[in-house]
Amino acid sequence: MSSHSQSQSALGRMVNEIEETAIAVILGIMTLITFVNVVLRYGFNTGLIWGLEAVTILFAWLVLFGISYAVKTTAHLGVDALTNLVPLTVRRALAIIAAVLCIVYAALLMKGAWDYWANFANLPQTTGRWFPTGFEEMSRTSYRSWYEVVDIPMPDWLRFIEPMINEGEPYEKLPRFIPYVMLPFGALLLLVRFVQAGVRVWTGAQDSLIVSHEAEDAVQDVAHMNRED
Amino acid sequence: MDVVLLFVCIIGLMLIGVPIAVSLGLSSVIFLLVLSDTSLSSVAQSFYQAMAGHYTLLAIPFFILASSFMSTGGVARRIIRVSIALVGHMHGGLAIAGVFACMLFAALSGSSPATVVAIGSIVIAGMRQVGYTKDFAAGVIANAGTLGILIPPSIVMVVYASATDVSVGRMFLAGVIPGLLAGTMLMIAIYIMARVKKLPKGDWLGWGEVFVAGRDALWGLFLIVIILGGIYGGIFTPTEAAAVAAVYAFLIANFVYCDMGPLAGRNGERNTPLWRKPIALVTAFFHRDTRDTLFEAGKLTITLMFIIANAMILKHVLTDEQIPQQIAAVMLDAGFGPIVFLIIVNVILLIGGQFMEPSGLLVIVAPLVFPIAIELGIDPIHLGIIMVVNMEIGMITPPVGLNLFVTSGVAGMPMMSVVRAALPFLAVLFVFLIMVTYIPILSTWLPTTFMGPEIITN
Amino acid sequence: ACDDGEMVIKFSHVTNTDKHPKGIAASLLQQRINDEMDGTACMEVYPNSTLYNDDQVLEAMLNGDVQMAAPSLSKFEQFTKVFRIFDLPFMFVNMDAVDTFQNSETGKAMKESMTRRGLLGLQFWHNGLTQFSANKPLISPEDAKGLKFRVQPSEVLKANMEQLGASPQPMAFSEVYGALQTGVVDGQENTWSNIYGQKFFEVQDGITETNHGVLDYMVVTSTDWWDSLDDDVRTQIATILEEVTTERNAAIAEVDADNRQAVLDAGAEIRELTPEQRQAWVDALKPVWEKFTDDVGQENIDAAQAINADVQG
Ligand code: NA
Ligand code: NA
Chain S
1 MSSHSQSQSA LGRMVNEIEE TAIAVILGIM TLITFVNVVL RYGFNTGLIW
51 GLEAVTILFA WLVLFGISYA VKTTAHLGVD ALTNLVPLTV RRALAIIAAV
101 LCIVYAALLM KGAWDYWANF ANLPQTTGRW FPTGFEEMSR TSYRSWYEVV
151 DIPMPDWLRF IEPMINEGEP YEKLPRFIPY VMLPFGALLL LVRFVQAGVR
201 VWTGAQDSLI VSHEAEDAVQ DVAHMNRED
Chain P
1 MDVVLLFVCI IGLMLIGVPI AVSLGLSSVI FLLVLSDTSL SSVAQSFYQA
51 MAGHYTLLAI PFFILASSFM STGGVARRII RVSIALVGHM HGGLAIAGVF
101 ACMLFAALSG SSPATVVAIG SIVIAGMRQV GYTKDFAAGV IANAGTLGIL
151 IPPSIVMVVY ASATDVSVGR MFLAGVIPGL LAGTMLMIAI YIMARVKKLP
201 KGDWLGWGEV FVAGRDALWG LFLIVIILGG IYGGIFTPTE AAAVAAVYAF
251 LIANFVYCDM GPLAGRNGER NTPLWRKPIA LVTAFFHRDT RDTLFEAGKL
301 TITLMFIIAN AMILKHVLTD EQIPQQIAAV MLDAGFGPIV FLIIVNVILL
351 IGGQFMEPSG LLVIVAPLVF PIAIELGIDP IHLGIIMVVN MEIGMITPPV
401 GLNLFVTSGV AGMPMMSVVR AALPFLAVLF VFLIMVTYIP ILSTWLPTTF
451 MGPEIITN
Chain V
1 ACDDGEMVIK FSHVTNTDKH PKGIAASLLQ QRINDEMDGT ACMEVYPNST
51 LYNDDQVLEA MLNGDVQMAA PSLSKFEQFT KVFRIFDLPF MFVNMDAVDT
101 FQNSETGKAM KESMTRRGLL GLQFWHNGLT QFSANKPLIS PEDAKGLKFR
151 VQPSEVLKAN MEQLGASPQP MAFSEVYGAL QTGVVDGQEN TWSNIYGQKF
201 FEVQDGITET NHGVLDYMVV TSTDWWDSLD DDVRTQIATI LEEVTTERNA
251 AIAEVDADNR QAVLDAGAEI RELTPEQRQA WVDALKPVWE KFTDDVGQEN
301 IDAAQAINAD VQG
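Protein chains in written order, with my numbering: chain S, 1 to 229; chain P, 1 to 458; chain V, 1 to 313.
Any given hint might turn out to be false.
[Said to hold, decoys possible] Here are the simulated PhoX-like pairs of lysine-lysine, each with C-alpha atoms no more than 20 Å apart in a straight line: (1) P:K198 x P:K134; (2) V:K145 x V:K286; (3) V:K291 x S:K173; (4) V:K286 x V:K81; (5) V:K108 x V:K145; (6) V:K81 x S:K173.
Hints in this document: simulated from the structure, not taken from any laboratory.
Work out the full structure, taking the sequences as your base and the hints as a guide.
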């Protein structure tokens, strides 16, 4: 299954452009912060003390944001040794089962991501062990908006949130709910993309959710060089 | 036993076409929810921390990025030219040059498929032009390409270091001698086959060509000096080395080779030198080529890390259920010595390598076998190299393997032909595996010499 | 493994189980709880950050995924800035002073200072006083000028470095040895047990016996879980924990001395400071106190100084 499939509509193209650019920009910023820190330390005996933490957060953001894009473009790795051996009808049936399992996975991750993030944003976790059955009653310890990251200072332009979420107390460091918000956001996107992929498999628009190896795109780009016989 | 069911579940899901990451994650989550009192929220925490809490793994996106800039920027072509200039005149010269080029590119790139794509796409075509069979060419490249994860830098080594808390710097050093040895063994095997089969030899192009080609490739090859010199010269940590490598590769590709970015000639035009268009120093950062390279590297990072993050959830299950301790106890009670243990590790990895992407497999297997290895007195660095070499072999053993896929794509030939083509050289790598497994000093001598004896603090 | 029907207490920490003071204490606690509360409660210890690292473990505890942990005191600065007092340079003359301070009303109040956040401190566990080391001799504070030091993430420890004219570098603990060896960073600060356990002495010029800071731990639990226990169970756990704490804290001087001796035996150079040389370090770092007086409270600084005078006098 090629990952070069592109959305046709203008909106689809725009969303695609935003997703790809976001992935590129996050990785670019990660690289630059790390590089600048090396230069500052080696050249000027100083450093951005928050740089390390910022880069690890961006790393998490890159992956959490990107996994849904990889579902959309069918870029996730899988094993097609068996599915390639069976007849097309069986392959399609298996793909539908696989899609359902992926949706279940994304739903569980979504619940976990919400539950993990919610208290940091003073919001209620969901009740229920497997699937949400409602919202918890907030207790004293459910309010965790005070919880800050380790090194990244609170930017002044964000201070307007303090009265809204931290009872007006000033943050010394960035509150954790900000970096963690990518978790429920990414999980939601993942769920949406898996549902869409499931629909495409159901309608026969695609017949698998996986690529068999990480270099399919790269191989496609160079395959013409040895194809002449 | 529950854990058997867990692994059956994972493999079953993979086989019906569920993405590897989801197979690992979903099976683990179900087991956690059924068997323990762990919440879904802590699963999400593990997932987030797989990236944010593992500083070592940050080297992965950076090395991938450096490799992308190097491939796009025409470094592979220059490396091949210098390799041919050096050894192309020997019997089987172009094939030997192909191995040599794979070794050089492996020293710039952290991954095997990237090495096969970058070098293989050019060398296979070149070998066929001078009269080699396509099968022979593909077999050579599929094997030599596996050196991508043995010769530092190596993404698989980064993952091993992260999973077991050994030093990445040590692992990289440990890979140098085995990497050179494996490359040399492959070249000798080719030379012998070349003499027997009367394979073509190229012309000696003279020292002038060596010099010119070398000078042209020097900018790219200098990256080796930056990575290793920077780490061991005390300028940066391995993770930072990866980021510096990426920035350096960007600068070289855009401003020196000018093969990408604002200075690159489109549609066969010549590249513009920087002095004629200095504004490129600014525009290169926003150029479409830069964005695309960053994006491609980002996408590969995302798919690898999705697997690794889910493997971390599985690791959480194994830890929570104290599986490594149980297995360790069983093995130690059974009186297994280091030799039997290492054979078991080899077998597990060779089988696991059929299904799993190497990094994900390592995240799962390393915590299982590491405590036992320490108990048995096996050096953790040595164990790491053994695991890496197993991964290499897994990539080219039938029925499936990463490098087999990639080579079949690059060479435009069916999988089974690649499998057959790779077999003779595979024998060489098996001999190499036995050597690496039972001669620890091959792996440990260099790191011990440079960095002192390995310390085990756990 | 725990039997059915037993209440499982998960204790997650980041060191080994048999050499590090924290690991030893946790193992002893585990053994005693499993012996004496058999059938009622069962403790599972997860060492070496196999389950959580120090940054994650408190989050997990608030979520009910782990019941006990013993992060280093600087991790609690997030919750209550009073904890910065332990990082302030030369605040305590020796571990007896630290012990007395921790057992004072102030120390008890610190353990309970985070209950509004859902965490309860149960006991302080000692590791020891910290020493400086670098890839060149550190005799006077000027020697540290221009050097790069790996420090734990803590505002006070960073301020110390800046006060010395050195540059604080954050770095994952697992990378420190390699970074010291290759010279990515020049120096570090740690207790004798960590300097020996991590073999930092191998890759440093020597260790200067400054005893400038405190690296201790606090055993914490979540208030939700603690309050949910039956009274007698809670009391029994608390009693065992207290006895373990008393036993292991009393042994810390010995553990510290053993590790210091082991560093010496390994051939490393330990530089003892004359009272004048030490005073130079005290004078150089003293301005850091002022920066954090508001955080830790003048009355607490005064209390610590009074204890110093007591234990010395
Ligand atoms: Na490599
Ligand atoms: Na294989």
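Structure-inconsistent hints, enumerated in ascending order: 5
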